[in-house]
Amino acid sequence: VVPGVLLALLGGLLYAFYAVMAAREIGRGVRPDAVMGVMFGGSAVIMLPILSANGVAWLGEPRGLAAVLYLGLGTTALSYFLYGRGLRSTPVATAATLALAEPAVAALLGLVVLGERLAPVSVAGLVLLALSLVVVAVPERKPERALESQP
1 VVPGVLLALL
11 GGLLYAFYAV
21 MAAREIGRGV
31 RPDAVMGVMF
41 GGSAVIMLPI
51 LSANGVAWLG
61 EPRGLAAVLY
71 LGLGTTALSY
81 FLYGRGLRST
91 PVATAATLAL
101 AEPAVAALLG
111 LVVLGERLAP
121 VSVAGLVLLA
131 LSLVVVAVPE
141 RKPERALESQ
151 P
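Under full-length UniProt numbering, the residue at position 59 of the sequence shown is numbered 59, and the numbers go up by one with no gaps.
The set of hints was computed from the structure by calculation and includes no laboratory data. Where is the CB? At the ideal position from N, CA and C, for every residue including glycine. Check the hints yourself; a few may be wrong.
To be verified - Okay, derived cross-link-like pairs now, SDA-like style, lysine to any residue, Cα gap no bigger than 25 Å in a straight line:
1. Lys-142 with Leu-131
2. Lys-142 with Ala-95
3. Lys-142 with Ala-130
4. Lys-142 with Thr-76
To be verified - Cβ-Cβ distance ranges computed for the label pairs, FRET-style:
5. Val-68 with Asp-33: 14 to 22 Å
6. Asp-33 with Gly-125: 30 to 38 Å
7. Leu-118 with Ala-67: 18 to 26 Å
8. Gly-86 with Gly-60: 32 to 40 Å
9. Phe-81 with Leu-10: 20 to 28 Å
10. Gly-110 with Leu-78: 14 to 22 Å
11. Ala-16 with Ala-44: 17 to 25 Å
12. Val-45 with Ala-8: 17 to 25 Å
13. Ala-99 with Asp-33: 13 to 21 Å
14. Val-38 with Val-135: 29 to 37 Å
15. Phe-40 with Glu-140: 29 to 37 Å
Based on the provided sequences and hints, a complete structural model is requested.
Written out as structure tokens, the structure is:
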């Protein structure tokens with residue numbers, strides 16, 4: 001359990017690092033597709049040892065290659081290209097907060113489009129995520145100053 005929690009925390013930390021660094025570079029005028037390309041290219045290099053340890057024979061099969069192309073281009077490259085373009089006009093904190101809704105959207109699409117069933121713990125997780133997003137998204141209220149009477 002502890003290694004899983006630590007890996008989840010590391011993943012959150014690295015995602016925050018990614019979002020801040022991407023926004024910084026895009027803010028400096030670097031093209032969003034170039035920023036995303038460098039980040040995902042670097043990630044791919046880091047993952048090469050894991051890929052080679054698990055074998056690559058499945059990449060030679062049409063289904064395996066089609067799956068990699070679909071996941072790489074259709075669901076990852078396109079979505080992060082659009083995310084990078086959005087970072088040009090959206091504050092990084094807002095973009096990162098909105099990105100946190102991604103698992104909820106995926107679960108709801110699975111429910112509606114694919115007819116999947118959600119376990120009670122999944123429903124509880126969706127509710128908790130929705131409440132968390134509301135808490136983060138609602139601006140903090142500042143107490144109003146008492147009006148001072150003028151002489």
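Structure-based check of all given hints:
no.	hint	result
1	Lys-142 with Leu-131	21 Å, holds
2	Lys-142 with Ala-95	24 Å, holds
3	Lys-142 with Ala-130	24 Å, holds
4	Lys-142 with Thr-76	40 Å, violated
5	Val-68 with Asp-33: 14 to 22 Å	20 Å, holds
6	Asp-33 with Gly-125: 30 to 38 Å	33 Å, holds
7	Leu-118 with Ala-67: 18 to 26 Å	25 Å, holds
8	Gly-86 with Gly-60: 32 to 40 Å	37 Å, holds
9	Phe-81 with Leu-10: 20 to 28 Å	25 Å, holds
10	Gly-110 with Leu-78: 14 to 22 Å	19 Å, holds
11	Ala-16 with Ala-44: 17 to 25 Å	21 Å, holds
12	Val-45 with Ala-8: 17 to 25 Å	23 Å, holds
13	Ala-99 with Asp-33: 13 to 21 Å	18 Å, holds
14	Val-38 with Val-135: 29 to 37 Å	34 Å, holds
15	Phe-40 with Glu-140: 29 to 37 Å	35 Å, holds
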